[in-house]
Amino acid sequence: MDAPFLDIKGLDKSFGGLRAINNVHIHMAQKEVLGLIGPNGAGKTTLIRLIMGILRPDTGSVRFRGKEVVGRKTWTIVNMGIASTFQNMRPFRRLPIIANVMVSCQCPRAMKRGEWVKKIEAKAMDALEFAGISDMALEDASTLSQGDLKRLEVARAIATEPDLLLLDEPFGGLSPAETDLMAKSIKRLHKGGRFGRLHSEGPAMIIVEHKLQQLMKIVDRIVVLDFGTIIADGPPEEVVKNEKVIEAYLGQGGV
Amino acid sequence: MDLIIFYFRKLFTILKKEVLVLPSRVVVILFFLFVLLLPVLPVIGNDPYMLRIFTLTCIYAIFAASWDLLSGYTGQMNFGHALFFGVGAYSAALLNHHIHIPPWGSIPIGALVAVLAGLIIGIPCLRLKGTYLALTTLAFPIILIGIVFAFPDQLGGELGISGIERIARSKVISYYIIAIIMLGLCTIMWAITDSKLGIILHAIREDEIAVRTAGINTTRYKLLAFSLSGFFAGVAGGLYAHYMRIAGPSTLEVSLSFQVVIWSIFGGIVSIYGPIGAVFVLFPLLELLRFWEQGRTLMFACIIILILLYMPDGLFPWLRDKIEKECPRCKKRNFWRRKTCRICTAELD
Ligand SMILES: Nc1ncnc2c1ncn2[C@@H]1O[C@H](COP(=O)(O)OP(=O)(O)OP(=O)(O)O)[C@@H](O)[C@H]1O
Ligand SMILES: [Mg+2]
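Read top to bottom, the protein sequences are chains F and B. Under the numbering used here, think of the first position of the first sequence as 1, with each following residue one higher. Under the numbering used here, think of the first position of the second sequence as 1, with each following residue one higher.
In case anyone wonders, no lab produced these hints; they're calculated from the structure. Honestly, I wouldn't trust all of these hints.
What the hints assert, rightly or not - Dumping the calculated BS3-like pairs for lysine-lysine here, alpha-carbon to alpha-carbon at most 30 Å:
| id | chain 1 | residue 1 | chain 2 | residue 2 |
| --- | --- | --- | --- | --- |
| 1 | B | LYS10 | F | LYS73 |
| 2 | B | LYS332 | F | LYS118 |
| 3 | B | LYS331 | B | LYS196 |
| 4 | F | LYS119 | B | LYS325 |
| 5 | B | LYS196 | F | LYS73 |
| 6 | B | LYS10 | F | LYS119 |
| 7 | B | LYS129 | B | LYS196 |
| 8 | B | LYS129 | F | LYS119 |
| 9 | B | LYS331 | F | LYS119 |
All chains should be built: construct the whole structure from the sequences, respecting the hints.
Below is the structure:
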């Protein structure tokens, strides 16, 4: 049998006295889209940073396709096929948008894949086109709006050709119209939509989001974090009816 | 014959369509011409003292540009850049003095030794950022001066290693060799910053964590920046040793490390051309004011403060923005008097 796609076991992380992640177990199959929700400060971003190797867990293991991820450098993890976006966008502000993506296109994983005749500029343009900001390719990143910055984050992440994509609040700060567009892009990406001929099958995803209505349309499964602990894990319809989730996060009104 | 005329026409067209349309390109051409024709220029050219000043200017221009490559582009603030210069100078001097390797061998080998020094220092410094990095790098050349004084028999102590071979017999030929090396190396450095590699280096300056999450091994790229910068600075040091025929502790001094920072900030960091231009303005100026010993440092300080107050990005980027404006549509630069973009004909404001 194949090794599990993503297997998080007994993950713990404390900041001083604060337990941000508390004994988290997540098991994920390939091609699954997982929603990760929870109140502010629940530890969602921290979990993503742990997977990416930006932070080191105190204990626990994260296995990606059978290989241990914990303890590796961030760039190694990216080259194993995991990519993420930042919740508070971190573009290279003084570089043009296309140059922002060209950095990702130069990682060894992206260099090995795709049509080798294609120049890096062209590959970067593909990613920008997918994210829908190719018309602004030459603009400086500092001039972008909130929504376009989110798109830039997505473009930078998919340019590394991930098999697992971690999106931290892709709809955060977007207008309803922009949110719809972004949701469509994400669906298209998962279906293996046109991003060159590279993603014949789309990447698996973990999506952190507060906008539940949009999220429910995209995901197959939802994991709920509260104070660093998983309080629910299951199909979206079940999770929103779960007593504990309503109490901790959704409030009486439901979705 | 026709072929020659054809190529002449082509050259002329390129000149007209690509070079003359942009003031900054014209300035670069003029700069190349100035450097190459300097020895035959009236007043400056006939004077051996002036020739000497401009030879040193060329050497320091390489040095300043190499600082910009590491500290400007990659953002690894190095306040001990004299280390590379000094190691390059001492290595070239030792190789020439003891094993009689001629300058064309000793200078590149000396520069490679400087690269080695860069790696040895770079590795422990990689974890440091900002002020910590700056202070740590400041210490290394000082430590090396201590080593120089500790082995006076081998390294010449306070007096340095003298009696090194000249680059060339004649002063003018020495100048030409150094000037052409300067133009070549500076062009290479500019090409590096303008390449795909340059984008990664610039991105590391902006946000290192984000570069890592893009799957780039930032450690490797930072070491590469240390090595490249060390190589170019080492060449400058080697040229200095062979031109002055001495490699002394002054090549490692703190003041030299600071000098390069001041030059670069004055001319505009993250541009390569800024520091080069600054050296060509400030170094001769300071030398010519030598007769006015008390006033010159004060005036120097005033000029720099004024520049920093009114042109925070440095003199040359400021000038460039005055004479050229960017097309809002295609981002190509245009002469400031133009109404429409020369490439995409969009209206310029
Ligand atoms: N580097 C850090 N140092 C100390 N505490 C931290 C650090 N990063 C996060 N925390 C704390 O860990 C907890 C979890 O933070 P995290 O950012 O993961 O929350 P989140 O679920 O992403 O919240 P939000 O929905 O607001 O994005 C918070 O209480 C936060 O203050
Ligand atoms: Mg968060």
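Hint-by-hint comparison with the structure:
no., hint, in the structure
1, LYS10/B with LYS73/F, "52 Å, violated"
2, LYS332/B with LYS118/F, "24 Å, holds"
3, LYS331/B with LYS196/B, "18 Å, holds"
4, LYS119/F with LYS325/B, "29 Å, holds"
5, LYS196/B with LYS73/F, "23 Å, holds"
6, LYS10/B with LYS119/F, "28 Å, holds"
7, LYS129/B with LYS196/B, "24 Å, holds"
8, LYS129/B with LYS119/F, "33 Å, violated"
9, LYS331/B with LYS119/F, "21 Å, holds"
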